[in-house]
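Start from chain A and add chain B according to the hints.
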Amino acid sequence: MPDAIGLIALLKPYLPILVFFLSVGLVTELILLKTDILSRRWRGSEVGWSSRHNKNVKRTLTWIIRVYKSLGFNFKTSSTIREVMGDLSNKLPDQGENLTFIMRSLEDHIYGDSEISHDDFIYYSQWNKFAKSYAKSK
Amino acid sequence: MAKIEKMKIEKVSDIQELSEKIKTEIRRFIVGYEDVSTNLMITLLCGGHVLLEGIPGIAKTYLARAFSGSLNLSIRRIQATPDLMPADIVGTRIYNPKTLEFEFRHGPIFSNLALVDEISRAPPKTQSALLEAMQERQVTVDGFTLKLNEPFMVIATKNPIEFEGTFPLPEAQLDRFLMRPLMHYPDAKEEVEILRRKNVQGDLMDVKAVAEASSIVDAQKLLHKGVKVSKELLEYISNIVRKTREHPKVTLGASPRGSVSLLYAAKGYAIITEGRSYVVPDDIKAVAFNVLNHRLIVRPDILIESAEVREDWSYKILKDIIKEVVDQAAVPV
Chain A
0 MPDAIGLIAL LKPYLPILVF FLSVGLVTEL ILLKTDILSR RWRGSEVGWS
50 SRHNKNVKRT LTWIIRVYKS LGFNFKTSST IREVMGDLSN KLPDQGENLT
100 FIMRSLEDHI YGDSEISHDD FIYYSQWNKF AKSYAKSK
Chain B
0 MAKIEKMKIE KVSDIQELSE KIKTEIRRFI VGYEDVSTNL MITLLCGGHV
50 LLEGIPGIAK TYLARAFSGS LNLSIRRIQA TPDLMPADIV GTRIYNPKTL
100 EFEFRHGPIF SNLALVDEIS RAPPKTQSAL LEAMQERQVT VDGFTLKLNE
150 PFMVIATKNP IEFEGTFPLP EAQLDRFLMR PLMHYPDAKE EVEILRRKNV
200 QGDLMDVKAV AEASSIVDAQ KLLHKGVKVS KELLEYISNI VRKTREHPKV
250 TLGASPRGSV SLLYAAKGYA IITEGRSYVV PDDIKAVAFN VLNHRLIVRP
300 DILIESAEVR EDWSYKILKD IIKEVVDQAA VPV
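Top line first, the protein sequences correspond to chains A and B.
Taken in order, the first sequence gives residues 0 to 137; the numbers are from numbering that gives the first Met the number 0.
Taken in order, the second sequence gives residues 0 to 332; the numbers are from numbering that gives the first Met the number 0.
Derived by calculation from the structure, the hints in this document are not laboratory data.
Warning: the hint list may mix true and false statements.
If you anchor each label on the Cβ, the simulated ranges turn out as follows [said to hold, decoys possible]: (1) A/103 to B/61: 35 to 41 Å; (2) A/99 to B/224: 25 to 31 Å; (3) B/16 to A/69: 40 to 46 Å.
Yeah, the Cβ is synthetic: ideal placement off N, Cα and C, and Gly gets one too.
Bound conformation, chain A alone (with noise of 0.2 Å):
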């Protein structure tokens, strides 16, 4: 077993490489804190609901509080989605069909545990670009 310095030795040749990882592993921590494409918020526990589902749920759910906050609603992680969509509902009246049949299916997958089909996709995907732009607009 070599001793510390004989470690230090060893594992000179590879410093370099040791550096440069932990640099870029630096670098992407910064980006996923700091910026909105790919910040924390896309996995939902800085905002909130911290959900284990896929991709898909987890953006139509930050977009869901993204918008509900900028509404100027005073979000919990005591909230349900069915509180949340509720109170969306009566703030946006020409999305509330689709944030009720959303709701339905989000329920369904996250504590109904079915698959979510391509069509509800559709009306998340149509959710998504809605909020987008009224985040835009705000």
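Same frame as chain A, now just chain B:
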């Protein structure tokens, strides 16, 4: 008991249909209290017991009678009084001079629905006689254990304002009730409707039985097998109940039996309200107050501090505590 057509219970939507039939029958006689009717149905489905609490004259017993009348089950009423003895509920062995033997005479507990009116008027010894029956669905008399009927449900009523000639219900007894729905005054519109109906019908109550025992037993089995609850929601339930034990205003929080009751009641709520085969957090929130309110002991100094001369002064504290607890628990998504 009248003969009625058996309703097949194969899927959760059948249970919702059965429940709607029963509630429709109740609506013929009871104005309002939709939530209490729903809670009675949930309790029946979960195989639990219910304690209806409210001031005198707001149709607690009337509702219990309408509910039990809509079920084609054996119903026995127990009017609790301070001199009611355990044998009056459970039954007793009586010497038969003809056969020269002791025979067991079954008490009113040997029914499908035992309606215990003004339960707090029964002395503690008699209240305790209900414990074994409510939890284990059996009674022990003179060393003999006798099984109760299936389904079996205790519907007890209690009046929170009278103390003279009453005995407080022990915590162990309260914990055995799945729910304690609180009944308040009807609103002005409902009160007029009550008067209108009484003006036409009087006190006549010809409830039609619309559900029979085997359908209810099938529905009870399906509730446990057919309604999914995710692991995360089980943790959510546990989280809520554990928070009641840590609340600074509470000396005794809900027991693990409280957690199980919350789980069962949420499953019942999912089926009855939407015919859903899975539970969502809103179901748990919807039943939390009725399932937990009688399981918490609020610190006496808090009760004294907030005492107000009002019909529901102690319930307001309970409402606030349970709301706080639910608001602190993160919803799993």
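Point to revise | Numbers of the earlier hints that this structure fails to satisfy, in rising order | key: Hints that this structure does not satisfy do not exist here, as all of them hold.
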